[in-house]
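J.: Sequence:
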Amino acid sequence: MSTEMIARGEADARVTGRRRALVPLLVVTGLVVLIQLYVSIPLQQPVAADLGDAGVTAALASGYALCYAAGFLVYGPLSDHFGRRPLLVIGLATLTIATLGVGLAPSLSVLGVLRAVQGAAAATFAPTALAFLGEALPQGRRTSAIGAMSVAFLAAGIIGQLGAAGIGETVGWRWTFYLSGAILGCLTLATFALVDEPTVERPPQRLLARYAALLRFALRPRSIVLSAGHLVVLGGFVGMYTLLGPHLTAAGLTATEIMAVRGLALPAMCCSLLLGPLVSQLGPVRTVLTGFSIAAAGLLNEAALSHSLVGLTAASIGFVAGIAVLVPLMITLWGQAAPPTRGIGMAINGFVLFLGAGLGPYATLLPGDFAWALTIIAALYLVAAALVVVAIRQRPGTS
Numbered sequence: 357m358s359t360e361m362i363a364r365g366e367a368d369a370r371v372t373g374r375r376r377a378l379v380p381l382l383v384v385t386g387l388v389v390l391i392q393l394y395v396s397i398p399l400q401q402p403v404a405a406d407l408g409d410a411g412v413t414a415a416l417a418s419g420y421a422l423c424y425a426a427g428f429l430v431y432g433p434l435s436d437h438f439g440r441r442p443l444l445v446i447g448l449a450t451l452t453i454a455t456l457g458v459g460l461a462p463s464l465s466v467l468g469v470l471r472a473v474q475g476a477a478a479a480t481f482a483p484t485a486l487a488f489l490g491e492a493l494p495q496g497r498r499t500s501a502i503g504a505m506s507v508a509f510l511a512a513g514i515i516g517q518l519g520a521a522g523i524g525e526t527v528g529w530r531w532t533f534y535l536s537g538a539i540l541g542c543l544t545l546a547t548f549a550l551v552d553e554p555t556v557e558r559p560p561q562r563l564l565a566r567y568a569a570l571l572r573f574a575l576r577p578r579s580i581v582l583s584a585g586h587l588v589v590l591g592g593f594v595g596m597y598t599l600l601g602p603h604l605t606a607a608g609l610t611a612t613e614i615m616a617v618r619g620l621a622l623p624a625m626c627c628s629l630l631l632g633p634l635v636s637q638l639g640p641v642r643t644v645l646t647g648f649s650i651a652a653a654g655l656l657n658e659a660a661l662s663h664s665l666v667g668l669t670a671a672s673i674g675f676v677a678g679i680a681v682l683v684p685l686m687i688t689l690w691g692q693a694a695p696p697t698r699g700i701g702m703a704i705n706g707f708v709l710f711l712g713a714g715l716g717p718y719a720t721l722l723p724g725d726f727a728w729a730l731t732i733i734a735a736l737y738l739v740a741a742a743l744v745v746v747a748i749r750q751r752p753g754t755s
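Per my numbering, residue 357 is the first one in the sequence shown, and the count goes up by one each step.
Misleading hints may appear alongside valid ones.
[To be verified] Ranges of calculated distance between the beta carbons of each label pair, as one might list FRET restraints:
no.: 1; residue 1: A742; residue 2: R497; range: 45 to 55 Å
no.: 2; residue 1: A538; residue 2: I397; range: 18 to 28 Å
no.: 3; residue 1: A607; residue 2: L563; range: 33 to 43 Å
no.: 4; residue 1: A660; residue 2: T720; range: 16 to 26 Å
no.: 5; residue 1: S463; residue 2: S636; range: 47 to 57 Å
Honestly, the hints are just simulated from the structure, not real lab data.
Even for Gly, the Cβ is constructed at its ideal location relative to N, Cα and C.
Turn these sequences into a full structure, and let the hints guide you.
T.: Written out as structure tokens, the structure is:
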């Protein structure tokens with residue numbers, strides 16, 4: 357065997373190894389990035405005790421959430437224009453610096469500005485990474501990779517709260533951001549080393565034309581109907597957990613016990629990995645109906661078993677299983693609606709998904725008690741299922 361053939365074989369092995377490492381790298385990065393959204397929940401009291409409680413919610417949570425959701429609309433076209441790799445690396449580097457800066461913030465006003473920068477930088481990741489996976493992987497691996505990313509996105513909601521609460525109680529709230537920043541720095545270097553730009557032909561356009569295309573895409577009848585159904589997916593998830601905490605507190609559970617109830621749903625998030633087999637067996641329409649029906653049934657069971665801790669916990673796990681199917685499914689549907697400009701599809705997907713998450717806490721304004729509020733949310737999931745099916749079945753000429 358010639359030296360040239362040996363060298364070529366070694367080069368091919370290195371490329372294969374890098375490709376195999378891409379999905380785990382992006383999944384771990386997605387988990388750490390999304391955790392930054394949820395750490396504000398348990399840290400409000402310790403931050404208020406350190407820096408003052410006047411406007412702590414706005415400084416720690418509101419600015420971040422607003423910049424995060426809006427960032428999806430900004431970065432989707434940018435990633436289509438400049439490429440996936442540059443946006444991933446620059447966004448992660450900026451997020452690393454901003455995260456470390458939050459830990460050093462001397463006042464609430466400085467912390468609020470840095471959290472807003474954090475949110476804006478964090479928003480680069482999800483639409484760009486999902487578009488990257490849609491382009492860089494073959495069809496057979498694409499669905500499972502998106503499912504793994506969805507597990508990370510969902511798990512971050514619970515892991516972020518548990519981790520921030522534990523770190524805050526042991527070494528102080530600032531270390532949540534110091535440790536996050538150090539991990540993000542390592543992930544930035546790994547992304548720079550391992551991620552290559554996908555070899556995909558994208559239509560040449562001016563950047564302003566791409567934003568105009570995003571607006572046109574968002575206003576298409578199919579996109580509007582899909583968005584209306586998509587709002588409920590994470591909105592109901594956040595809404596249920598917003599209602600669950602006070603309900604369990606009123607039942608006499610401690611904060612640690614409440615977090616344990618939340619944590620028991622973590623394994624159900626792995627149902628995201630079942631999306632590929634489900635779509636292959638059932639097709640997209642029946643998979644949509646299955647996911648939304650499981651979520652609605654979980655909520656109705658929670659309502660019926662609201663006075664039984666075991667029954668309520670089991671029903672919440674079933675609900676999360678339904679959500680775990682729906683999140684990657686909706687990502688897939690948006691990706692299919694948008695090529696060759698997948699960045700636009702992922703931008704609208706992320707904006708609608710996290711806009712719904714932002715509306716979720718307003719579930720406390722629903723009429724009636726805990727059980728009645730969950731029943732209303734369950735009804736919304738069934739309406740959302742019908743809307744998404746309508747969007748899927750729209751003729752191409754109406755999309």
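J.: Are the hints correct? Go through all of them and say.
T.: Structure-based check of all given hints:
1. A742 - R497: 45 to 55 Å: Since the Cβ atoms of A742 and R497 sit about 32 Å apart, the hinted range of 45 to 55 Å is violated.
2. A538 - I397: 18 to 28 Å: Hint holds: Cβ distance 22 Å, inside 18 to 28 Å.
3. A607 - L563: 33 to 43 Å: The hint (33 to 43 Å, Cβ to Cβ) is violated, given that A607 and L563 are roughly 54 Å apart.
4. A660 - T720: 16 to 26 Å: With a Cβ separation near 21 Å, A660 and T720 satisfy 16 to 26 Å, so the hint holds.
5. S463 - S636: 47 to 57 Å: holds (54 Å)
Checked against the numbered hints listed earlier, the structure breaks hints 1, 3; every other hint is satisfied.
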